[in-house]
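A.B. asks: Each chain is listed here by its residues.
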Amino acid sequence: MQMTVVEAWIEGPLKRFVVDAGAELALLLHPSGQVLAQHGFARAVDVMSACALAAGIHASSAELGRQLDGRPFRGLHHTGRTRQIFLAEAQSPRGAFIFLTVFGPESSLGLVRLYFEELVNGLAAAAPPVDATAGPALAEHFERDLNRNLAVLFGRA
Amino acid sequence: MSARPFAAILDSLTRQRWVTAALVVSERDGIVVESNLQIGQSGDRVAALAGSLYRKARLSARAAGLGAVSFMQLEAPGGRICAVGGGDLVLVVVAEPAVNVGLVRVELLRAVGELLAVGGEVA
Amino acid sequence: MADEVRRLSDELARDPGSRVFVPLGEALRRQGQLDLALKVTLRGLERHPHFADGHDLLARISVDRDDLERAFDEWDMVLRLAPGHLGALRGMGFVCFQQGRLAEAEEYLSAAAQGDDDEQVASALEHVRAARREVAELPRDPSRLPAGTTHDPRYLFADVLSDAEQTALLLDRDGLVLAGAYVAWDGRDVGQEVGAELSGVTDAARRATRHLALGEWTSIVFETEVAVVAMTPSTNDGLLVLATSRATPLGLVRRLLDRCAERARRWQGGRI
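Protein chains in written order, with the numbering used here: chain A, 1 to 157; chain B, 1 to 123; chain C, 1 to 272.
Worth flagging that the hints you see were computed from the coordinates, not collected in a lab.
From the three backbone atoms N, C-alpha and C, an ideal C-beta is built for every residue, glycine too.
Do not take every clue at face value.
Some residues of chain B that are not near chain C, with every Cβ distance over 10 angstroms (derived) [as the list claims (entries may be wrong)]:
# : residue
1 : P5
2 : D11
3 : R17
4 : R28
5 : I31
6 : L103
Just some of the chain B residues that point at chain C, by a computed CB distance under 8 angstroms [said to hold, decoys possible]:
# : residue
7 : L49
8 : L53
9 : F71
Based on the sequences and whatever the hints tell you, model everything.
C.D. replies: Printed below as a string of structure tokens:
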């Protein structure tokens, strides 16, 4: 399954994560829901749905954390029958990203958390200076940027 | 239920000379259930890696028709990792190369019954 | 049968603490509803963790689910709770037979036969004894070869190993057999299958030692129900696997592993 990225600097750290953690699916997105990289997805529509859900879950769990604990929850883990989901915020010099990954019984939550830390460090090290890349999507450009990123990921740009 | 149900097991292991860490790890999740660590050691890291190693050894041995794994030991120039499984829990010891593996093995195998008993209550 | 399940379910619903979960689980098992049978039994055992018949049922469900390892553990638990439990003795005999542990299978079935004159047990016992006789008549381990016969790589470790229950394999980086053999209880060489499964452990070993700053791993030893397995890296990312009987002292296992590794290095270096 191919990995595709909107910005080249993401590819190295994300590839390492996928291999080391044995992830089946991985998705890096802006908190607005704009996709930055994906691994394991076959269709643009699946990426779009996953981004929307991940952004929504992240926003609501952050708010829930604020209400309950005075600070946002940063990570979420859900265990299914055979696969598990890990969703967390990845802080970088370019701001916060949301990271979603799905893994099977060959991996474990401990490994995913371990390699997620490395991913965050890898992204921080690889990120170009902020002014050299485009800023986060403005609300009025959101849909256009989302479609552009999906087109880049799935080869229709 | 005690806040540290495995304290006795872990204490008896870390009392051994050259043992640097002892942990009870959830095999499926690779996360720490309880640990005795030295300052600066990352229990999360050891749990994820040793848990995964034990699980891989267990599943591979089973797939190869060798039955259940009781004791596992990995040796490297910088130290050793020893582990035994009990239910979904794995008891892991990290030690310096000079450790007496025979002694650690006996302690670990002795602890399996207790691990199963306490693990059942914890679960 | 459906009526019986309904009746037993009602009874369990009225009194969740009762032991009726055993006949209910058994009825579900017989109907082939294994997931439901498992659920009912596990719930029952939460309330009655020391109820031998509950563990016996869980073992039988595990056999139906092809989970022999769990079945073994459950019957082992039954025998601790109720030594001499006939169902567990029969079950252990079955599991050991399936795993090729014929001597143990015979022991369990003999014990079962002493407490029960069931024809099925007697017939199973006879079957196991016949299998043992058959194995005894098989030609011995092909790795035991005439001295000096090293042209065939299957026999590379023949003169390093000290008895017929020791076997060694040299695998390449893809887990394919380069030399040696792994002979199963029935005389088949299952080196390729065993090698492919075990070689996967090395990735986890490499990862663990790298992240824990222990240096490159030099050996892994694990004791299983039927063998002691030792592994060490070999030339060109290869892997050497040694298996011995459980009776072999661990210190000797280490020495044999070192000797086999040296033999493999010489062979790979073209010095044999």
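A.B. asks: For each hint given before, does the structure comply? Return the numbers of the non-compliant ones in rising order.
C.D. replies: none
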